[in-house]
Each structure stands twice: as C-alpha cells, then as structure tokens.
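A.B. asks: Letter by letter, the chains look like this.
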Amino acid sequence: MAPRKTASKPASTANVSKDELLAYYKDMLLIRRFEEKAGQLYGMGLIGGFCHLYIGQEAVVVGLEAAAKEGDKRVTSYRDHGHMLACGMDPNGVMAELTGREGGYSKGKGGSMHMFSKEKHFYGGHGIVGAQVPIGAGLAFSDKYKGNDNVTFAYFGDGAANQGQVAETYNMAEIWDLPVIFVIENNQYAMGTSTQRSTKSPSYWERGAAYGIEGEEVDGMDVLAVKEAGERAVAHCRAGKGPYILEVKTYRYRGHSMSDPAKYRTREEVQKMREERDPIEAVRSILLTGGHASEEDLKAIDKDIKAVVNESAEFAKTSPEPALEELWTDIYADEIPPHSA
Amino acid sequence: MATELLMPALSPTMEEGTLAKWLVKEGDTVSAGDIIAEIETDKATMEFEAVDEGIVGKILVAEGTEGVKVNEVIAILVEEGESADDVAAPAPAAAAPAAAEAPASTPAKAAAPVAVVSKASPDFPEGTKMKTQTVREALRDAMSEEMRRDENVFLMGEEVAEYQGAYKISQGMLDEFGSKRVIDTPITEHGFAGIATGAAFGGLKPIVEFMTFNFAMQAIDHLINSAAKTLYMSGGQMGAPMVFRGPNGAAARVGAQHSQDYAAWYAQIPGLKVVMPYSAADYKGLMKTAIRDPNPVIFLENEILYGKSFEVPDLEDFTIPFGKARIWREGTDVTIVSFGIGMTYALEAADKLAEEGISAEVIDLRTLRPIDYDTVLASVMKTNRCVTVEEGWPVGSIGNHISATIMQRAFDYLDAPVINCAGKDVPMPYAANLEKLALVTTDDVVAACKEVTYR
Numbered sequence: 000m001a002p003r004k005t006a007s008k009p010a011s012t013a014n015v016s017k018d019e020l021l022a023y024y025k026d027m028l029l030i031r032r033f034e035e036k037a038g039q040l041y042g043m044g045l046i047g048g049f050c051h052l053y054i055g056q057e058a059v060v061v062g063l064e065a066a067a068k069e070g071d072k073r074v075t076s077y078r079d080h081g082h083m084l085a086c087g088m089d090p091n092g093v094m095a096e097l098t099g100r101e102g103g104y105s106k107g108k109g110g111s112m113h114m115f116s117k118e119k120h121f122y123g124g125h126g127i128v129g130a131q132v133p134i135g136a137g138l139a140f141s142d143k144y145k146g147n148d149n150v151t152f153a154y155f156g157d158g159a160a161n162q163g164q165v166a167e168t169y170n171m172a173e174i175w176d177l178p179v180i181f182v183i184e185n186n187q188y189a190m191g192t193s194t195q196r197s198t199k200s201p202s203y204w205e206r207g208a209a210y211g212i213e214g215e216e217v218d219g220m221d222v223l224a225v226k227e228a229g230e231r232a233v234a235h236c237r238a239g240k241g242p243y244i245l246e247v248k249t250y251r252y253r254g255h256s257m258s259d260p261a262k263y264r265t266r267e268e269v270q271k272m273r274e275e276r277d278p279i280e281a282v283r284s285i286l287l288t289g290g291h292a293s294e295e296d297l298k299a300i301d302k303d304i305k306a307v308v309n310e311s312a313e314f315a316k317t318s319p320e321p322a323l324e325e326l327w328t329d330i331y332a333d334e335i336p337p338h339s340a
Numbered sequence: 000m001a002t003e004l005l006m007p008a009l010s011p012t013m014e015e016g017t018l019a020k021w022l023v024k025e026g027d028t029v030s031a032g033d034i035i036a037e038i039e040t041d042k043a044t045m046e047f048e049a050v051d052e053g054i055v056g057k058i059l060v061a062e063g064t065e066g067v068k069v070n071e072v073i074a075i076l077v078e079e080g081e082s083a084d085d086v087a088a089p090a091p092a093a094a095a096p097a098a099a100e101a102p103a104s105t106p107a108k109a110a111a112p113v114a115v116v117s118k119a120s121p122d123f124p125e126g127t128k129m130k131t132q133t134v135r136e137a138l139r140d141a142m143s144e145e146m147r148r149d150e151n152v153f154l155m156g157e158e159v160a161e162y163q164g165a166y167k168i169s170q171g172m173l174d175e176f177g178s179k180r181v182i183d184t185p186i187t188e189h190g191f192a193g194i195a196t197g198a199a200f201g202g203l204k205p206i207v208e209f210m211t212f213n214f215a216m217q218a219i220d221h222l223i224n225s226a227a228k229t230l231y232m233s234g235g236q237m238g239a240p241m242v243f244r245g246p247n248g249a250a251a252r253v254g255a256q257h258s259q260d261y262a263a264w265y266a267q268i269p270g271l272k273v274v275m276p277y278s279a280a281d282y283k284g285l286m287k288t289a290i291r292d293p294n295p296v297i298f299l300e301n302e303i304l305y306g307k308s309f310e311v312p313d314l315e316d317f318t319i320p321f322g323k324a325r326i327w328r329e330g331t332d333v334t335i336v337s338f339g340i341g342m343t344y345a346l347e348a349a350d351k352l353a354e355e356g357i358s359a360e361v362i363d364l365r366t367l368r369p370i371d372y373d374t375v376l377a378s379v380m381k382t383n384r385c386v387t388v389e390e391g392w393p394v395g396s397i398g399n400h401i402s403a404t405i406m407q408r409a410f411d412y413l414d415a416p417v418i419n420c421a422g423k424d425v426p427m428p429y430a431a432n433l434e435k436l437a438l439v440t441t442d443d444v445v446a447a448c449k450e451v452t453y454r
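Sequence order for the protein chains is W and B. Okay, so the first sequence: first residue is 0 according to numbering that gives the first Met the number 0, each after it adds one. Okay, so the second sequence: first residue is 0 according to numbering that gives the first Met the number 0, each after it adds one.
Calculated from the structure, these hints are not laboratory results. A few of these clues could be false.
[What the hints assert, rightly or not] Output of the computed footprint for chain B on chain W, the stretches with three or more beta carbons under 8 Å from beta carbons of chain B:
{"no.": "1", "segment": "122-131"}
{"no.": "2", "segment": "295-307"}
[What the hints assert, rightly or not] Sample of chain B residues with no beta-carbon within 10 Å of chain W, all distances over it, derived:
{"no.": "3", "residue": "V60"}
{"no.": "4", "residue": "V115"}
{"no.": "5", "residue": "Q163"}
{"no.": "6", "residue": "F214"}
{"no.": "7", "residue": "D220"}
{"no.": "8", "residue": "Q236"}
{"no.": "9", "residue": "A431"}
Where is the CB? At the ideal position from N, CA and C, for every residue including glycine.
If we strip away everything but chain W, and leave its shape as in the complex, we get (with noise of 0.2 Å):
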C-alpha cells in the first residue's frame, strides 16, 4: 500500500501576515476582473475562437504560486489565463494575445489556449486535453537531470485525470522520482459532464495510491488551504522523494467557454457556490474582520485592479495586427523556408 494522506483541515489564519492575505487578496481579484474583461471583449467580437475563463477557481493557482519558488515551472491547460496573471505575467501581454495582436505573448500566433514565458517558466497553455501532463512530467525531467532543486506544477481538470496519458505519466514520474507537483483543479464538470457521470471514483488524488504517489485532496475554495497543501507538495518534491498529487476541489462559476450555455447544472447550484464559497469573499471577510484592512483600503485596492485590467484592454485593442509576415516566422527555430516559400 503506498503511503498517502488524508484530506487537510481547513487552514488557520493564525500564522499568516496581512501583508499575505493582502497580497492574495490583490492576485485573485486581479484575475477576477481580469476574466471578467475577457468576457466583455468577446462579447464585443474582440476576442475570437475559444475562450475558457477561470473565474471561481483563483484560489488555486494564488494559493500554489505562493508555495513556489523562483525556477519552479508550470504548464497547464486551454483554461490559463489565471495561471500566466498568477506567475507573473503581464497582463497586457495576456490580454493582447486575446485580442490576436503583435503585443501578446504569442504575437498573436497563440490565441488564449496557447501562450507561454520562458522568463517566468510558464510553458503553456496547451489545447488538447491531459497532454500537459506528461509534458508537466517531462519538466521535471530536465531539471531533475540538470540537478537543481526547482519543481513543476502540471495542472490538469477532472476531465483529464480520466486520460490515459496521465496514467501513463504516473507511473513513470514515480519510477524515475519527478520533482512534479500533479494538480488536479477539480472543478466538477469536465465541459457539460459531471464527475459523478464520468467516473464512479470521483476521488481523484487516490488514484496516486495505485502508482505509489503521495497526495491529498484540498479546499481549492480557500487560498490558504491551498497555500499549505502545496507548500507540503513542494517539500516533498524538492527532497528529491519524487512527485505528489494534489486535488484540489474546486468550481467554475462561468461555462466551459464562452460558448456554454451551461445547462448541465442550475442556476441554484452557482448561485449558492458564489454566494457561500466564493475564494475573495472569503479573504476579503478575513482581511475585514482581523482588522488587517478597511473597506476603504480594499475598495483602493478594487480601483488599482480595475485600473489594470483596463489598460490591459486598451493596450489589447491598441496593439496592432501582427505583421503579415508573421505568418512565416516562428514554424522552424533555424527559420527553413517554408513550403510555398
């Protein structure tokens, strides 16, 4: 039987600082707001082709980022915007590369399931669903090889953690002991399938067990749970004892895209996750109530996000039109002609 834990308690409030709850609170309300943007810009015709948005699930990648260090990598799905603003991205490279244009991370060769920063070891931003994960693993790989102490996160859906490739990937990052972190961001519904309709073992960390891995299921509703589960994930991963599986429960409050009527779920069910269990209000009321802040130090905070976010859909509306010629760039790193050419 392969060692595993059980699921975590609810975090403690008691060590963390204000400046921490603030700085979450900054992080996820940016990606917040930052989404909500996006929604706006492709309902105006801005933004083509899919479009995943991550709000409901902030605490996630807030909570994991603030268990990582510099040289950590990660690589996630289609649904990344949260991720890149999280690691630091800019969000007007972000926003850009929404909107197709010269400005965005990609050039706007990317389009929002496809962006990557070598500089803050973000490696995408990928569109078919699970093949992050091996590529997650083979990360870890290098830097195992190259003898640094740095680990992945390799985040994945509960739609993906039914893929074989993931099966594939456990197995070998436990034989050959990958510093990989594997997150399952659990947000119930792979597009329009529940997990109850997908699975009948909905516990999806337990899996692990199967593969000799280490994992625990996580409050992904609460950014300091999060927090501490990834900081024990990343202890284990950097003492070389090979990779962990964290799943952390979660919910998207938006469809699976932009296009998803979400008619597989009520109304009721997010409108009680929202109101309930939504991760800012959650820090917000802490940071109020601890007397770390007051409503008007948070409502200059809103203002400063807000002030962000709409330059981000001013550069990404400004920026133009990659050149034409980009259509030719960036297929061969040596720059072969191309077939026509």
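Based on these hints, arrange chain B on the given structure of chain W.
C.D. replies: Only chain B this time, still in chain W's reference frame:
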C-alpha cells in the same frame, strides 16, 4: 530415419547468421528441447534447441562459421544403429514457397546497354578514408558521438538500455553513458513521448526511440501538437529540439499493424523535419545533424536496412545538411526519385534499365522536410521524365507531391506523365506471396521507367 537440422530464422528479417558455438559433438545423444548450439544474428545470440531426439550423426557446419544461410543443413541427427555416412548427401533445403511471380515482360532488347555512371557523394571530399559499417553501427556511432559532445543529449525508449536495444541500435550505450542518459521506459508511448517533449521544452535534447513507428501512433499527438507546433504557438519563445527515431515501414512477414510507412504522414507537418535515409553514411551524417537541429526531427529508419553494410567516411565529425538530395547515378533518359528503402529498388532498376539501354538518373531525397526540389527539378529538366519510388501507400504520397511540384515548376519539360511507384493500396498481408505483391518491386520501377520512356 535421419533428420536434417536446418539453420533457423531467428527474426523476421534474418537471412543468415553465424554458427557461434556447438554445445554438442558428434555421437552425443540429444532430446527435444536440449540446447545444442548458439547462433548469432546481427541483433543477438540465440540458443538453438533440438526439436527431435536422436544422436548427433554429423556436424556439417563448423562452429565459428559466418554467413550461414537460413535453411542450410547444419547437422544431421541419426537413430540408434544408423550412421550419418549412410545418409545421402543433403538435398538442397526446402526454401519457403516462392511467391508466384508475374512473368516479367522482357521484350527483345532493342538498344545496346548503357554504362552505369555512379556519382560520388557530395558530402565529403573524394579520397576520404572509408570504413565498412552497417546502418545499425552507423546509427549507434552517430548517437554516441553526439552524446559525448553534448551532455544534454539523452536516449529514451523501450528496451534501449539493459536489453541493448530491441534492434540492437543502442548496443553498449548504457555501459558508456549510464542509466541517467540511456533510459528504459515502460511500454507507454503516449506518456514518454510527452515527457520527452517536456524535457525538450526544459532545455534538454532528447532522442526518443520508438520500437517501431507503428507504435508512435499512440504518441502522435505529442509529436505533432506538442513538439511541432509549440515554437509557432509561442511566437518563437520555445520549441522542442529533439529526435523521434525508430524503424519505419515494412520489415518482413509481420502483418498489417507492424508494416506501415509513415513518411508522407510526417512530411506533411510544418514544424517537423523529416529524414528517411538509405545508406549507412547518410544514417550517420543525418542523425548527427538531427540531434544538433533546434527543431523536432522525425528520423525514419528501416529494419531491413539495419544489417546492410555501406562505406562510411572515417571522419571524426561527419554531418550531412538537411534538404540536400544525393544523386547516386547520373543518367540521361529518366529520373528516378526515391528515399529510404525505396532506393534499393531504384538502384536495382537503374542497373536493369542500363542493360536495356535506358540511362536512369537516381536521386535519393534523404530528407522529406525540407525537400530538395531543386535537385529533382534540374534532373527532370535534363531527362524530361520522372518515376518516383516509395514503399508507402499511393494516396497522398511523397510521389504525388513530387509530381505536383514537377507539374507546377517544370511542366514544359515533361515528355511523359510522372509515374508514382508506391506500395499497393491495401493493409499489409501476412502471406509471403501476398506481401511481396503488396510491396513496390524493382520490376514495377523498371516497367514504369519503360512506360515514361515509351520503350
């Protein structure tokens, strides 16, 4: 009743082997299942068991003999009281049933034979010291040299380390480089292709061996969606400098799921480079280039060619650039364009055609992405006729693409429609005669060349 013991075939492509050691001597009694000899193929040393009981009457092939053909009589088992000398000289071994061959149409030769004009390799100076190597050895040397040169290069795949390679390509590499750099994987192509791609994003230079490219279909999403497209999707920020390699195409009698040529599939993908060499020198020089290339490279090998020997330049560091075809034969009447194992048929056909007075120019594309169009077009402008040869299926083939390019860029030079010789449009059958029929043959190429030259 004496029993003949025949040289066994120990792999699908084995034609001959070395009788390494006899474990019995004349006069010994053996039972079924006893190990009586050790036989060495180019891949492995295998034990040979007696399938019958009897007394070893006569050993006909001494131990240490190399090049013993499959089905040659190597010893005779006799019964109690019988002498091997009583046994008549062994009749020629019964070969596998010969495939029914269509009668070759060889009309009376009208023309006098033309000389075969071999062209020197453009990849190294004339007079370079050469050594004879198999494709297998050339590949191993190429990988080992590059791993000595760059510590970020590593090899990963099924049975590459402790087993020394399913086809013995990586023989000795675990000993030299250790288990950190020569890594056995579980049989999970999808997963390890993704892990290798991630490792490439992380700054390493993986070489991924697929036991065969048939199994890479389990992993093809990572080859295309993850490895080939990321440089573009990231606006040039990060890509996957890596090599996916392994045998591709038909081996011999391994059936439909293990006999497919993926050349045209991969050659279609922008972001990939695709290499499919024929000679050992090309395997070596192109593999070294592939490992150094900053892009994902699909390196399509061939099991039948692994054991084939060629002259390889004896140089410390020998590389061949991508996108340069090699002209093997110069000719004036027809251009034959091929690559990989197709070159076997192309060159044989050129020899046969020469006897009949048709001078064929033979071009080995060597890399399929990028393709050296210029060499092909220049040749077609000279010969005015073209035949393409490949083992893969005919629909959407490399030959189709070459034909279209010639049509667009050299239409006025053509004196006949281009003919594509390809594998038949069927899954690969198992039966020996049907398999032979399904593959492209030298006769197909000869016939096509005659058709385009109106002979």
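A.B. asks: Could you run down the list of hints and mark each one as holding or not?
C.D. replies: Verification of the hints:
1. 122-131: Since 7 is at least three, the answer is holds.
2. 295-307: As far as the segment 295-307 of chain W goes, the hint is violated, because 0 residues have Cβ atoms under 8 Å from chain B.
3. V60: 45 Å, holds
4. V115: Given a closest Cβ separation of 34 Å, the condition holds.
5. Q163: 20 Å, holds
6. F214: 13 Å, holds
7. D220: 6 Å, violated
8. Q236: Not fine: 5 Å to the nearest Cβ puts Q236/B too close to chain W.
9. A431: 36 Å, holds
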